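Protein chains in written order, with the numbering used here: chain A, 1 to 292; chain B, 1001 to 1334; chain C, 2001 to 2393.
Simulated from the structure, these hints should not be mistaken for lab results.
The structure presented is a predicted model; accordingly, all values stated were derived computationally and were not measured.
Since no wrong hints were added, every one of them can be taken at face value.
Pairwise CB distance ranges, derived in the manner of DEER restraints:
| no. | chain 1 | residue 1 | chain 2 | residue 2 | range |
| --- | --- | --- | --- | --- | --- |
| 1 | B | Asp-1189 | A | Ile-81 | 28 to 38 angstroms |
| 2 | B | Pro-1142 | C | Glu-2377 | 50 to 60 angstroms |
| 3 | A | Ile-81 | B | Gly-1108 | 18 to 28 angstroms |
| 4 | B | Leu-1163 | A | Arg-185 | 48 to 58 angstroms |
| 5 | B | Pro-1142 | A | Ala-147 | 51 to 61 angstroms |
| 6 | A | Pro-123 | B | Asp-1189 | 48 to 58 angstroms |
A virtual CB, placed ideally from N, CA and C, is assigned to each residue, including glycine.
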Amino acid sequence: MLFSYLLVSGITTGALYALIALGIVIVNKASGVINFAHGELLMVAGFVAWTLHVGLQLPYGVALLGTVAIGFAVGVLTDRIAFRPLANADLVSLVLATVGLSFILKGTARLIWGGKADYLSFPPLTQAEPILLGPLMIIPQQLVVTAGALAVMIAFAAFFRLTTAGKMMQATADNAKAAKLVGIRTDRVYMMAFAVGSLIAAAAAVLMAPLTLLYPDMGFLLFVKGFAAAVVGGLTSLPGAVLGGILVGVVESLAGGYIHSSAMEVAPFLVIMAVLIVRPTGLLDFAKVRRV
Amino acid sequence: MPVFSRRNVLLVLLAGALILPWMGNPYTLFVGTLLFIYVLLAVGLNLLVGYAGQLAFANAAMFGIGAYTTGLLQVRLELPFFAAFPCGAVVATLVGLVISLPALRLSGLYLALTTLAFAQATQWVFLHWENVTFGAGGFKTPLISFAPLPVETPTGLYFLSLLLAVLLTLFAWNVAASRIGRAFVAIRDGEVAAESLGIDLLRYKALAFAMSGFYAGVAGGLYSALLNFVAPEGFDLFQMVLHKAMIVVGGLGSVTGSLLGAGILVFLLEALRAFKGTQEIAFGALLLVFVIFLRGGLVSVLKRNARGWEEPLRLPERRARLLARPGTASVPGE
Amino acid sequence: MRLNSFASAMVGTLLLAVAPAAAADAPGVTADKIRIGSFGALTGPGYLYGKLVMNGVEIVFDEVNAKGGVHGRKLELVREDDRCDPAGAIGAVKKLIYQDQVFALIGGGCSNATFAAREEVEKSKVPLLVFASVHDGITTPPAPNIFSTATTSTIESYAQLEFALKRGAKRIAVVSMRDSWGRARYEPLMAAFKSKGVKPVADEEVSPDANDTTAQVLRLKAANADAVIVLLYPKPAAVFLRDSAKLAFKPIMIGQTGIADPAAFEEQVGVPGGTANFYTISMVRYTPDDPAVDKWRKAIEAKFPGDRLSVFNLFGVGSAQVLVEALKNAGPDLTREKLIAALASIKNFETDTHGGPITCSEADHRCHKSPAWIRKEPGGPTKVLDVTPVSLN
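Chain A with its partners taken away, still in its complex shape:
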């Protein structure tokens, strides 16, 4: 009984991390960049959703659409301001640019929303009472998040497989020069990648906000866990990101239940260090050669 409770709670928390990991993976898949401001994009989108839904009393669907649209626009803007000028920069500079962006977003959010409350609450999509799922009690919003993560994964797996835009992204990521040679406008592809990544962050924010609450500093730790999940899954694999997220969540939960709650924070990091040292390209990346 203990085990099944811990497992389920690990999976539902893991779904949060998976949603973040998906956004990170999609940006990385197309551009080879890790956006260290991904958590802050999510945070800002959460506050925007709060302003639309709670502040302006717009219906949930409208708020969701509005937030996603704004998320998309922020992604385009991010690309224009911060990434296009850095097309050929080294990894350290790129990482630092995204860190700079994260500070700007955090500071701005603190100015606009920081004086409203310590943590803003956001109404759930479904009923708030826990429901009985087999022998287990579960909070419906957690199911919504898990379903959302799966939906995003499937939608984007299909996008990369089936659409031209998706194939262009894939091609650019595999070999940007070759992609350019065959006529793909790689700068557009990068822009799309950031826009889509930020759009996913926005959708994730709306799903998660009822569970995580909204506060200016919510982004970074979510990002670190999402990044960890993405790396465990191999950084370019969508199912890998979901599995990675769930793995991080379950490790946390089991460590908390069976060792001590003080082990929860550190256990996933130890596991990740071990995974990376043994299998440097992630758990699902069997076929590929090591990336250097």
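For this one, chain A is given, so just place chains B and C on it according to the hints.
Chains B and C in isolation, oriented as in the chain A frame:
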């Protein structure tokens, strides 16, 4: 030699630093000492990230390990500061060596995450190994004394930090212009190529991590003495971002750049206090502006526009001939 | 590096040249102005205990200034960011004292940061009134010039434990954050347990950003706890109460001054009835929606558009009123020694916000010992249950 060459400018600044204690107040003295500590951190990190190209995120953790070791040896074992301080540097160096092990298999973002995980784990140890580290509440360290020298503690610490910053910067310059520096750069520019030149990746990566650990450890020891207080929040991710920002703003792969970067960021952090609540935005915007418009950092601007700021990876001709060996690297096949 | 020290020296001397130009009898005091410094986090997660409290201080200063000031002198607030970091706090305090040359200090939000800066403040003999940091080490043993209007953690710990025992709890458990905020409360609480001869039946930890606490709840349930003392920020506490509701774990839940707005907390928990057994302590006797603090709500909304009145603002309001009272009592010939003496002799002073009267003495600089117990019945209004003055021997 042009008037505004690196040597002349830095000598003037050094002269300024030497008389500061008689010109400023306790606040400027504090900021000055803090500055030298950050110089050490930035120079050490630049050797690892800028020269050897290892994207590591553990510098703040090693800084913390230096501070904790120095502080705890004084408090728990009652060692005097001048015995505990070198131990702190040695422990941080050893930890640097240990982190270099995963770096042999990992690079780029994978290395970034491993070292980030290491940094989180270090924080966790600071917080939870309460029998030793005193946990989240931190601990006070004894006030150090420079007796029999006739200086007060803050002034003494200022000069000690200045001395170490100068010595270790000179040392870094020499390392960078030696066989070791060239091996670092070769690894950064292509591991496979470097290996084919006979560079022992294991040895040089370990050396880069150990050196940056040493610099961070020295800085940590001084930091614990400056604050008389050690607590986990001094060594968090903001600290790490700060170190990274210094080397990028100053110039990756340039010891001089580290000096400039540390100077500018410490100065800005103090100056940004005037922004009252918008510091985060200003700090982030500055990072972006520097990374986008001044890639190569400030030092690249100076190198382009002023003579005497070059940093060749070789010593001047005559000295080089005395020391030189053929090739750029150690004996292959080790 | 030297570039910078040179530059900061230049800026330093420039500022020095400007700052004390009008100094009269004491630094920071002129014929028509008193400069008061404040340090706390303006950035980073600690801003709740820094920036927002300072906003409360500022509206009190504005009110006093509008009425002509204290003995004809207007109050000016100079804010410095300490980023909740020990080095940041030491730097901020040194800057306020030596560079900005303030007359007195009101501030201190984060426990470790304020504790680290204590030595510097004590050495400088500049009076300091702590407005939010609860660490006991800041005021005990007392420094002659440091006073506090925060409910320090020892006082809070005794209040929590007595409350649980009074309600008949036999198996008391603790769930805490192990950062410096949590630790500053956890240690005195353990000491309080010891002195009452009680042992906690379980001792669990939750991280400040936790999104799931199922493991903790299951462990507390297994320990059969009938009361849980919750040393958590509102966010992890909300997650903890939500998961407790989910797993039908219903002990008495006892909060602390970090969760001082039960109405907001009920929303944060989100599960209907999730806060039914939740009681908490506040440094102030009103929640922000209380009509009794209308005046301050209007002042905050007017001065900081977009902000809502928060309990953090109210800490600042009460604290600033104490400082203003002491400045009045110190008389028109203001010196730091006089202000310190005036602070030490504040007796039974009622602020607009604090739970009980503020009383300082030479021997005890923890001036606020009346934590207020508050509770919100699900669906009902927030009620102040009682104010329990704590006496420590």
